[in-house]
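Sequence order for the protein chains is A and B. So the first sequence is numbered by the numbering used here: it starts at 20 and just counts up by one. So the second sequence is numbered by the numbering used here: it starts at 31 and just counts up by one.
These aren't lab readings, by the way, just hints derived from the structure by calculation. There could be a bad hint or two in this list.
[Claimed, not checked] Below, simulated DMTMM-like cross-link-like pairs (lysine to aspartate or glutamate); rule was C-alpha separation at most 20 Å, straight line:
| id | chain 1 | residue 1 | chain 2 | residue 2 |
| --- | --- | --- | --- | --- |
| 1 | A | K60 | A | E43 |
| 2 | B | K136 | A | E43 |
| 3 | B | K133 | A | E43 |
| 4 | A | K60 | B | D113 |
| 5 | A | K28 | A | D49 |
| 6 | B | K100 | B | D113 |
| 7 | B | K133 | A | E101 |
| 8 | B | K66 | A | D57 |
| 9 | B | K133 | A | D104 |
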Amino acid sequence: DTAVSQTPKYLVTQMGNDKSIKCEQNLGHDTMYWYKQDSKKFLKIMFSYNNKELIINETVPNRFSPKSPDKAHLNLHINSLELGDSAVYFCASSQVGQGGTDTQYFGPGTRLTVL
Amino acid sequence: GQQVMQIPQYQHVQEGEDFTTYCNSSTTLSNIQWYKQRPGGHPVFLIQLVKSGEVKKQKRLTFQFGEAKKNSSLHITATQTTDVGTYFCAGSGAGSYQLTFGKGTKLSVIP
């Protein structure tokens, strides 16, 4: 069974459209994240959710909105897509135990192409 | 905010040569993690270092955490084509579990 899954794997869309990417984890983790990886492979954290509460928001445009219906899911909704949004988006999860950071498990990624 | 710098950005080696990537933080880290991302894949956790001066080995990979807990390195002995990929370090500061990733080192191995 896949630990962290994302859908879709590929997303090609026109500028100005609204799209969503879904993420699910079956690890029982309490924290989930969204990362953006650009063409230069830089991994940048966008959001994280801990027990359904947003705890990090790395000043991404408000066109991006994370939505967590429960602690196993963290979806990413993007309004008014722009060319610069083209990237690979990774979902990840972790169990933040005592002592701080724990291992992050990444999903397979969603390659978003905005035309 | 916390910054994690990683060098080099790219490294091309002949198969059998050694490879090292270095990671430096602007602040003291509570721990550092290393991830590997194969071409077309997703980052996969390799190891976590927590203690000052810690050294851990995984077969041909050696990971070090500096005494001041502000730098780390990953050394691969006798590279193989299966080592190809981008290696990321990621650190978090004291009292925080937010990971800051370095920009990664992309390793190419020439057979």
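Status of the hints after comparison with the structure:
no. : hint               : verdict
1   : A:K60 with A:E43   : violated, 23 Å
2   : B:K136 with A:E43  : violated, 29 Å
3   : B:K133 with A:E43  : violated, 26 Å
4   : A:K60 with B:D113  : holds, 17 Å
5   : A:K28 with A:D49   : violated, 24 Å
6   : B:K100 with B:D113 : violated, 26 Å
7   : B:K133 with A:E101 : violated, 24 Å
8   : B:K66 with A:D57   : holds, 17 Å
9   : B:K133 with A:D104 : holds, 19 Å
Figure legend: structure checked against the earlier numbered hints; hints not met, in rising order: 1, 2, 3, 5, 6, 7.
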